[in-house]
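Generate coordinates for the entire structure from the input sequences, incorporating the hints supplied.
In order, the protein sequence lines correspond to chains U and L.
Taking full-length UniProt numbering, the leading residue of the first sequence gets 1, the next gets one more, and so forth.
Taking full-length UniProt numbering, the leading residue of the second sequence gets 1, the next gets one more, and so forth.
Hints should not be assumed to be uniformly reliable.
[To be verified] Across the chosen pairs, the derived CB separations fall in these ranges: (1) L:K125 <-> U:R40: 46 to 56 Å; (2) U:F79 <-> L:W2: 37 to 47 Å; (3) L:D113 <-> U:F75: 26 to 36 Å.
[Claimed, not checked] Covered stretches of chain U, going by a simulated chain L footprint (3 or more residues, C-beta under 8 Å): (4) 90 to 99; (5) 110 to 120.
Calculated from the structure, these hints are not laboratory results.
Since this is a predicted model, take the numbers as computed values, not measurements.
The beta carbon of each residue, even a glycine, is placed where N, CA and C say it ideally should be.
Protein chains: 2
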Amino acid sequence: MWFRVNPRLPTPIYQQVVDGFKEAIVKGFVKQGDRIPSVRELATLMTLNHNTVAKAYQQLEREHVFEIIQGRGTFVAEFKPPSDSDRDRRLAKIVEMMQQIYIEGHYVQLSEDDLMSLFRETIRKWETGGKDV
Amino acid sequence: MWFRVNPRLPTPIYQQVVDGFKEAIVKGFVKQGDRIPSVRELATLMTLNHNTVAKAYQQLEREHVFEIIQGRGTFVAEFKPPSDSDRDRRLAKIVEMMQQIYIEGHYVQLSEDDLMSLFRETIRKWETGGKDV
DNA sequence: CCTATTGTACCATAATATGTGGTACACTAT
DNA sequence: ATAGTGTACCACATATTATGGTACAATAGG
Numbered sequence: 001m002w003f004r005v006n007p008r009l010p011t012p013i014y015q016q017v018v019d020g021f022k023e024a025i026v027k028g029f030v031k032q033g034d035r036i037p038s039v040r041e042l043a044t045l046m047t048l049n050h051n052t053v054a055k056a057y058q059q060l061e062r063e064h065v066f067e068i069i070q071g072r073g074t075f076v077a078e079f080k081p082p083s084d085s086d087r088d089r090r091l092a093k094i095v096e097m098m099q100q101i102y103i104e105g106h107y108v109q110l111s112e113d114d115l116m117s118l119f120r121e122t123i124r125k126w127e128t129g130g131k132d133v
Numbered sequence: 001m002w003f004r005v006n007p008r009l010p011t012p013i014y015q016q017v018v019d020g021f022k023e024a025i026v027k028g029f030v031k032q033g034d035r036i037p038s039v040r041e042l043a044t045l046m047t048l049n050h051n052t053v054a055k056a057y058q059q060l061e062r063e064h065v066f067e068i069i070q071g072r073g074t075f076v077a078e079f080k081p082p083s084d085s086d087r088d089r090r091l092a093k094i095v096e097m098m099q100q101i102y103i104e105g106h107y108v109q110l111s112e113d114d115l116m117s118l119f120r121e122t123i124r125k126w127e128t129g130g131k132d133v
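In structure tokens:
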């Protein structure tokens, strides 16, 4: 599979599945139109409950990352420019995370420039390296 | 008060209090050594339960943001360079958030440079503007 | 010494979120 | 017809969150 799940983390399992797929897509492990394992398949592969997997798939569909076709299966959605409300919600979320980063950075004495450098480096390392596959 | 709390958000109230104080400190509304309202005071002011406030204070103490003195009160901790483990934990958290930002940015078609600009702008606006006081 | 205030530790209770396991149904493709 | 899809239920257990109440040790100020 393209990612792992740790039930002991405070992050809910279904959320970890959501994040895992997003990451797999951004990293190119899964591409537009690709078929995703069925709910029961993935549940068996990762020893999860089908309801948990379904919850993740449904959230990914709400976020327009997946496209679910009744009776056929689940696929990676074709990329479409997000609606304005979608974009606004995502941007707000991004800004909020940036503020959190700034705050946490304050406590490890990272300046704005330090954070910028760390950001660039993080993206670079992360795009090539890959944590778990 | 220096921040507000919204019980309807999915974020736990005590976590909102934690974030609120961190924000207030970064923005300079509260300074090192300042005395923080007592658990019961803040609970009354914000119509929360004293246990909820205490939970927030205790977490802030664990993060070395507050210093709690038995029988005297709670104060903003003097800034000390974090221990290595502290620093590592916070840095890991920051990197994780940066990855999340990169992923979300992908879905609103923000390039790495776009995100950098947004980051700079967010900090600038946020430092001066201030959301709720 | 007395009293008020501090944080803290409990207890009970309720509500919510999460996760598992099972069953069933409509839809689709073969 | 049959198998595989997502989905909608149900029941159940567990953990987290939040509230309300009580009590206790430590501190500070009369």
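Results of checking the hints against the structure:
At roughly 48 Å, the beta carbons of L:K125 and U:R40 sit within the given window of 46 to 56 Å. Distance hint for U:F79 and L:W2: a CB-CB separation of about 42 Å, consistent with the stated range 37 to 47 Å. Judged by the Cβ atoms, the range 26 to 36 Å given for L:D113 and U:F75 holds: they are separated by roughly 31 Å. Counting residues of the region 90 to 99 of chain U whose CB falls under 8 Å from any CB of chain L gives 8; the rule of at least 3 is met.
Interface restraint, the region 110 to 120 of chain U with chain L: holds (7 residues with C-beta to C-beta distance below 8 Å; minimum three).
Taken one by one, the earlier hints all hold for this structure without exception.
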